[in-house]
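For reference, the chains in residue letters:
Number of protein chains: 2
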Amino acid sequence: MNFGILAHKNYSILMQNRKKIFVTNDDGIHAHGLQVLIEEMKKLGDVLCIAPERTQSGMSHAITFSNPVSLEQHRDEPGIKSYSLTGTPVDCIKIALDRFYTNEKPDLIVSGINHGSNSSICAIYSGTVAAAREGGINNIPSIAFSSVNFEKNADFTHYSPYVYSISEKIITQGIPEYVFLNVNFPHTKNIKGTRVSHQAKGVWIERFERRTDPHDREYFWLTGNFKNFEPEAEDSDEWLLKEGFATITPLKIEKTDTESISKLSFLNS
Amino acid sequence: MNFGILAHKNYSILMQNRKKIFVTNDDGIHAHGLQVLIEEMKKLGDVLCIAPERTQSGMSHAITFSNPVSLEQHRDEPGIKSYSLTGTPVDCIKIALDRFYTNEKPDLIVSGINHGSNSSICAIYSGTVAAAREGGINNIPSIAFSSVNFEKNADFTHYSPYVYSISEKIITQGIPEYVFLNVNFPHTKNIKGTRVSHQAKGVWIERFERRTDPHDREYFWLTGNFKNFEPEAEDSDEWLLKEGFATITPLKIEKTDTESISKLSFLNS
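From first to last, the protein sequence lines are chains E and H. Under the numbering used here, the residue at position 9 of the first sequence is numbered 9, and the numbers go up by one with no gaps. Under the numbering used here, the residue at position 195 of the second sequence is numbered 195, and the numbers go up by one with no gaps.
Be aware that a few hints might be false.
One copy or any two copies: either way a pair holds, since identical chains are not told apart in the list.
[Stated by the list, open to error] With a straight-line Cα cutoff of 30 Å, these simulated DSS-like cross-link-like pairs (lysine-lysine) come out: (1) 252 with 263; (2) 169 with 105; (3) 42 with 19; (4) 43 with 227; (5) 255 with 201; (6) 252 with 42; (7) 43 with 201; (8) 242 with 19; (9) 105 with 201; (10) 263 with 19; (11) 263 with 20; (12) 227 with 105; (13) 192 with 81; (14) 42 with 263; (15) 201 with 42; (16) 227 with 42; (17) 20 with 105; (18) 201 with 20; (19) 263 with 43; (20) 263 with 192; (21) 252 with 227; (22) 255 with 169; (23) 189 with 105; (24) 263 with 169; (25) 242 with 20; (26) 81 with 242; (27) 227 with 255.
In case anyone wonders, no lab produced these hints; they're calculated from the structure.
Just chain E, same shape as in the assembly (with noise of 0.2 Å):
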């Protein structure tokens, strides 16, 4: 017998049987919240980790095209690698698959966790969210993690168990095709649990605020209020979050409404 082949056999179905885990964001490299994600993903697999160099917040579905981007190596650990890409949440995914998953797509994408809430309608505007839609576009289980506190110094570590649990269920169960996870945790200390929610009915009502320069020319800042269109809905997220659930919402990604082809028949010519 030959051990040394056999051990490395061995070696080799236990690195075949590690779970790969990709880990993203939108606020960048150096956020908090991305910490806390690669420490829990660590004991679940091994990680590779591909984040925005700076913030790209609100940045959405948003793909680099018309540029090139770059890649800076970050961290080289045991179970981590982890990098910095000049693009969008969605170019580390799309980076990600062709560059470092070559033979095998990840078993898991999460993304986050975001310093500022994706409930509701914000889920569309966000590129945390969207790193994760742009892993259910390709068949990959994929949460996106996002908490209501976005205060700078806030602290994520009580996050963590709900993080580990989660993952590692969904991991193990799958997600349904063409459907991932947008995960909202509250800002208390003391969550009461996790609750699988609907996304509240809601809109942005924008106001933008108009200043003048030094040279007496406007411009405008982006600001609003949301708007909860069933504020009394006890099963949406929005609800929930002010109960201090964390809130995890499975959101279908946008396609056709088949219900409206035959009611849009006029329109054929």
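Dock chain H against chain E, hints included.
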């Protein structure tokens, strides 16, 4: 009788009955496709156009809130006002709703005509399509127009009758809630007709082309190919476009997948 007042009243009613149409795009204020759209829309009502100052292709549903934005007026004629904005297509919708349509929402939002196809999954990355989505979120009938022809000097004037006809029908008949239309035109000048279709199921397979700069640092250009998972589906936008039809795809804005809520109950804790 005071004919002066009567005439004024009639004039006022006439003005009130004029439809209010908002126009934007992602190729920027100077794009040919935008001009074609404005020309058709002015036949249908009073046009306000706010378009990005520069190209915003691939910007998806991004918004600008870390920097301010500014407006510059380009046209001020009877029935047409146009401005450029130092922001994204979705910013254009938001500033229009906040600062221009202060009393009443527009009757129709149109975006495009995009220089390049936005069929199938491309819709999710497109700034042109995102503007229409933002209209849909605000419960305004909204249509994105794109052409598969992305040649620099492409002539889109042969699309005009279709742009007019689809827009006129939608102003009259409306669109189901939380749905917007994604229209794509084929390359040919001999368009066979219009078809309400579904988006072909597919994905972009990315390739990041590696290059090195003069200082031997590597960088990557995003390229890729569309992979159509259902090339034989005769009611898909991809198939119909190849056959020479203009396709009209009703897209349902991403939302909670209610079916998944019970399937994922193992995540409640």
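Going through the hints against the structure:
1. 252 with 263: Intra 22 Å, inter 14 Å, cutoff 30 Å: intra and inter.
2. 169 with 105: within (18 Å within a copy, 45 Å between copies)
3. 42 with 19: within (10 Å within a copy, 58 Å between copies)
4. 43 with 227: neither (39 Å within a copy, 35 Å between copies)
5. 255 with 201: Cα proximity of residue 255 and residue 201: in one copy and across copies (19 Å, 9 Å).
6. 252 with 42: Within one copy, since 28 Å is at most 30 Å while 37 Å is not.
7. 43 with 201: neither (36 Å within a copy, 35 Å between copies)
8. 242 with 19: Classified as neither: same-chain Cα gap 34 Å, cross-chain 42 Å, threshold 30 Å.
9. 105 with 201: between (34 Å within a copy, 20 Å between copies)
10. 263 with 19: between (46 Å within a copy, 23 Å between copies)
11. 263 with 20: So residue 263 and residue 20 pass the 30 Å test across copies only (24 Å; inside, 45 Å).
12. 227 with 105: For residue 227 and residue 105, the Cα distance is within 30 Å only across copies (17 Å; inside one copy 39 Å).
13. 192 with 81: The answer is neither: 34 Å in one copy and 53 Å across copies each exceed 30 Å.
14. 42 with 263: Intra 50 Å, inter 27 Å, cutoff 30 Å: inter-copy only.
15. 201 with 42: neither (36 Å within a copy, 34 Å between copies)
16. 227 with 42: Cα proximity of residue 227 and residue 42: none, with 39 Å in one copy and 33 Å across.
17. 20 with 105: Cα proximity of residue 20 and residue 105: one copy only (8 Å, versus 48 Å across).
18. 201 with 20: between (35 Å within a copy, 27 Å between copies)
19. 263 with 43: between (51 Å within a copy, 26 Å between copies)
20. 263 with 192: For residue 263 and residue 192, only the inter-copy Cα distance (22 Å) is at most 30 Å; the intra-copy one is 44 Å.
21. 252 with 227: both (22 Å within a copy, 21 Å between copies)
22. 255 with 169: Classified as both; 27 Å inside a copy, 23 Å across copies.
23. 189 with 105: Neither way: residue 189 and residue 105 sit 35 Å apart in one copy and 42 Å across, limit 30 Å.
24. 263 with 169: Close across copies (13 Å), not inside one copy (40 Å); limit 30 Å.
25. 242 with 20: neither (34 Å within a copy, 39 Å between copies)
26. 81 with 242: neither (36 Å within a copy, 44 Å between copies)
27. 227 with 255: Classified as both; 25 Å inside a copy, 17 Å across copies.
Comparing the model with each numbered hint stated earlier shows that hints 4, 7, 8, 13, 15, 16, 23, 25 and 26 do not hold.
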